[in-house]
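Asks: Listed in order, the protein sequences are those of chains L and R. Numbering-wise (this note's numbering), the first sequence opens with residue -1 and increments by one. Numbering-wise (this note's numbering), the second sequence opens with residue 25 and increments by one.
Some hints could be false.
Chain L residues, not near chain R, derived (Cβ > 10 angstroms throughout) [stated by the list, open to error]:
#1 I43
#2 F44
#3 T68
#4 F208
#5 F241
#6 G257
In silico SDA-like cross-links for lysine to any residue, where the CA-CA straight-line distance does not exceed 20 angstroms [as the list claims (entries may be wrong)]:
#7 L:K98 / R:E45
#8 L:K12 / R:G215
#9 L:K53 / R:E45
Derived from the structure by calculation, the hints contain no laboratory data. Yeah, the Cβ is synthetic: ideal placement off N, Cα and C, and Gly gets one too.
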Amino acid sequence: MTTFAADAGTWRAKARKYRAIARANVQNSLAYAWDALTPGIFVTIFIFIFAQIWKVTFASQNTNVINGLTLNMTIWYFVWAELVQLSKIDPVTTIQNEVKDGSLAYTLGRPYNYVLYHFFHGLGGVGIRLVSVLAFGSFVAGTQAGLLASFRLEVMPLVLFVTVLAFVLDYCIMAMIGLLAFFFEDVMAFRFIYSKITFVLGGLLIPVDFLPDTVQSIARVLPFNLVVYAPSKLFVAWDWEQFGFVVIMQFFWIGVMAGLLTLFYRYGVKRVTINGG
Amino acid sequence: MLREIKFVLQLIKLNIASAMEYRASFLMQAVGMFINNGIYFVFWILFFDKFGELRGYSIDQIFLLFAIITLGFGMALTFAGNANRIAEFVAQGRLDYYLTLPRPVLPHLLFSWMNPFTFGDLSFGVISYFFTGRFDPVSIVLTFVSAVLAAVIFVSVFGIFGSLAFYIGNAKEITFFLGNAMISFSLYPIGLFQGAVRLILYTLIPAAFVGAVPVEIVETGNLKLLGYLAIAAAIGATLMTVVFQTGLRRYESGSAINVNM
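Could you build all of it, start to finish, from the sequences and the hints given here?
Replies: Here is the structure:
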């Protein structure tokens, strides 16, 4: 006999379903908690290198502030930027493999949305990476530049909100790259290119404020800065007006990318051929 | 010895033929890596455009640094593509295949796969060198020889890190971390790092030997320094062989059945 929950098919039931998917991966990531050390160690190296570069740069420019950022803010900016970069959901390899080996077919018959499944599954592993990156990154930044002078505890929930939206936007783009496997044999090159665009135009290697004016104006129009730069800048230099603008732009780009992702997925699924097995 | 060299050359030939079977994929991966490197390049161009010099390094030194590192890394993993996968092979018991064949295990393992991404590194290294504007034969030869030695050091260091798997079990993560640390540190001007960190970059994670030292060799034409780099490469290769061979005695088969095609 099959039993159904009384609210089957409602939004509440759907939320419960995806919450269960996320919870399963939270438990999984906790079981392999040591794996979270890897991004922690990476952030240690990155923050250390960036701290050396910007210490030397600020000293050679003989100034305390460059384009509105102090040395202290610049080093802490990179902590949040790396937090986004190293904690975000990365579904490309999984989606590519599932498309290539046909195991995608297995999920098509299941009562969940394939794209949402991977989002919530990935989300389950984010928490532990966030903690690891923040702990290691803050330690290195603290030893190199002291505590963040402009830190405002009361706005942190809003910074986290913008960061979550950044994860969603990034996921839409990354999932689309994964689904390119319907058309290309290997999509890792696309992931490389996207991630490297984020490095410069997204503000991971250098805050967008430090880019030359022309490049800066291009970077501010594109969605990539909303993934890394926007939350990181708000973390070190909170601004209500900027916050409002960032949230509107993030919702706009999430709408565009999610729409494209849906179309992409529907088109791709039509090309799936199942041979049994 | 000659027989083994012929064997390795044959493996390289087969690897190239295998990569060419999937031309579109191969090209995509190579182009992806090329763009990947290009973005770092763009970062430095923008950086120096705005801030000028960085502890004695200008954009010219960065061009040379990138040329040598990408050529060295590219050669290392184009020819010895399994160098940074040894830990994976050991942990999964996949060395059985090599142990059953009448060839020395280490060179056979190292040279039996080619990483298609690294063609992007190789081509990027050549383009990067063009930006340095050093077209005199001495500079070209010094750059090439330094890059070859850097490649030997890359393979040796990856090999040593990967062989840790014989001693500590699953060393995949630590190999990945140490390898990336070496690449990351090597891509920045050495002058940024002082004291203990600098010492580490000349010893435990020898990033200086694949970046800063070769740059100095090409810039100053210092043949003595080139000799030291060659000695460092020889020591690295010897150390890798010793660590691998000693570790191999501790290897336990996973009884896994693998088909190498």
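Asks: If a hint holds in the structure, say so; if it doesn't, say that too.
Replies: Okay, the hints, checked on the actual structure:
no.	hint	verdict
1	I43	6 angstroms, violated
2	F44	7 angstroms, violated
3	T68	16 angstroms, holds
4	F208	6 angstroms, violated
5	F241	27 angstroms, holds
6	G257	26 angstroms, holds
7	L:K98 / R:E45	18 angstroms, holds
8	L:K12 / R:G215	56 angstroms, violated
9	L:K53 / R:E45	49 angstroms, violated
Consistency with the previously given hints fails for numbers 1, 2, 4, 8, 9, ordered from lowest to highest.
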